[in-house]
Amino acid sequence: MLAGWLAKKICPMVFTDEGLRAALLPRCRKLKIEPPGRMDRIVGAGRARFERKFCLHVLNGLSADSARALWELATGEDGFLQELKSDPGRLGLETLLEEIVKLRRAKTLGLPADLFGGYSDRLVASWRALAWSRTTEITDALVDLLIGLVSKINTRAERKVERAIAAEAKKVHRKTEKLFSIAEASLRRPEGTVRQVVFPAVPGGEATLQALVAEAKADAKTFKAPGAHRADQLIFLLLPADAAQVAGRA
1 MLAGWLAKKI CPMVFTDEGL RAALLPRCRK LKIEPPGRMD RIVGAGRARF ERKFCLHVLN
61 GLSADSARAL WELATGEDGF LQELKSDPGR LGLETLLEEI VKLRRAKTLG LPADLFGGYS
121 DRLVASWRAL AWSRTTEITD ALVDLLIGLV SKINTRAERK VERAIAAEAK KVHRKTEKLF
181 SIAEASLRRP EGTVRQVVFP AVPGGEATLQ ALVAEAKADA KTFKAPGAHR ADQLIFLLLP
241 ADAAQVAGRA
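Under my numbering, the residue at position 145 of the sequence shown is numbered 145, and the numbers go up by one with no gaps.
Honestly, the hints are just simulated from the structure, not real lab data.
Any given hint could be a false lead.
Listed next, the in silico DSS-like pairs over lysine-lysine satisfying Cα-Cα at most 30 angstroms (straight line) [said to hold, decoys possible]:
1. 85 <-> 53
2. 9 <-> 30
3. 9 <-> 32
4. 107 <-> 160
5. 152 <-> 85
6. 53 <-> 107
7. 107 <-> 152
8. 32 <-> 8
The calculated label-pair distances, taken between Cβ atoms and stated as ranges, are [what the hints assert, rightly or not]:
9. 122 <-> 88: 24 to 30 angstroms
10. 152 <-> 79: 29 to 35 angstroms
11. 18 <-> 76: 33 to 39 angstroms
12. 155 <-> 22: 38 to 44 angstroms
13. 44 <-> 101: 28 to 34 angstroms
14. 117 <-> 65: 16 to 22 angstroms
15. 151 <-> 104: 21 to 27 angstroms
16. 27 <-> 93: 55 to 61 angstroms
Small disclaimer: the values here were computed from a predicted structure and weren't measured.
Even for Gly, the Cβ is constructed at its ideal location relative to N, Cα and C.
Could you put the whole structure together from the sequences, leaning on the hints where they help?
Given below as structure tokens:
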């Protein structure tokens, strides 16, 4: 009776023998019986009952194709088992695409979405259901890779624009005075050409005017890359179609 109670009520939540023994004592007090002398045997029996039930539940939830795919994974004939265990490489588009391929292969195992329905995440984690757990972990890793890659692209684009703006934004010394000289020369000889009237009005002539124009353009720009906000869209164009779920989580 005590072993059955442990298997049904306690084992799904408590995963150590010490915890199971601790649960037995108050149960005995509630039933008003003396604690059994062979507590470890009852704990072992309760755990064994629960594990049989748990394994049968998982096994019955697998199709024949899924069972076959898991067997092939366990035998490691194609090396996918080691690949499934591996963590992502360095941040980059190639790593992102490799992880997408890994996720695709994990999904081909065909594990049902409710395979561990009714059981806690802690229990599944304690059994370390590799194929099931890695599917979720790979998806989470893809989200992190996608966010990191978009951030990296945005940062590079911003730096490129900042360098371009810095090159253009060479401040013209005594700009107001030069603009006044241009205006004054233009009013004095309105019939003259730009080359005859405006260029001679400032030191440096045409080069100074070009510097003034460049400075004005630079001031009008923002320090955000024109298209950096589309970096995530660029990534999506490079990803396979089934990466939409990952992109949505990101």
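Hints versus structure:
1. 85 <-> 53: Judged against 30 angstroms, a Cα distance of about 27 angstroms means the pair holds.
2. 9 <-> 30: Judged against 30 angstroms, a Cα distance of about 15 angstroms means the pair holds.
3. 9 <-> 32: OK: residue 9 and residue 32 at ~19 angstroms, within 30 angstroms.
4. 107 <-> 160: Violated, at roughly 40 angstroms.
5. 152 <-> 85: Status holds; Cα separation ~26 angstroms.
6. 53 <-> 107: 26 angstroms, holds
7. 107 <-> 152: 29 angstroms, holds
8. 32 <-> 8: The given pair, whose Cα atoms are some 20 angstroms apart, holds under the 30 angstroms limit.
9. 122 <-> 88: 24 to 30 angstroms: About 25 angstroms separates the Cβ atoms of residue 122 and residue 88, which means 24 to 30 angstroms holds.
10. 152 <-> 79: 29 to 35 angstroms: This hint holds: roughly 30 angstroms between Cβ atoms.
11. 18 <-> 76: 33 to 39 angstroms: 35 angstroms, holds
12. 155 <-> 22: 38 to 44 angstroms: 53 angstroms, violated
13. 44 <-> 101: 28 to 34 angstroms: Given a distance of about 44 angstroms, which is not inside 28 to 34 angstroms, the answer is violated.
14. 117 <-> 65: 16 to 22 angstroms: Holds - the Cβ-Cβ distance for residue 117 and residue 65, about 20 angstroms, lies within 16 to 22 angstroms.
15. 151 <-> 104: 21 to 27 angstroms: 25 angstroms, holds
16. 27 <-> 93: 55 to 61 angstroms: 57 angstroms, holds
Of the hints listed earlier, those the structure fails to meet are numbers 4, 12, 13, in rising order.
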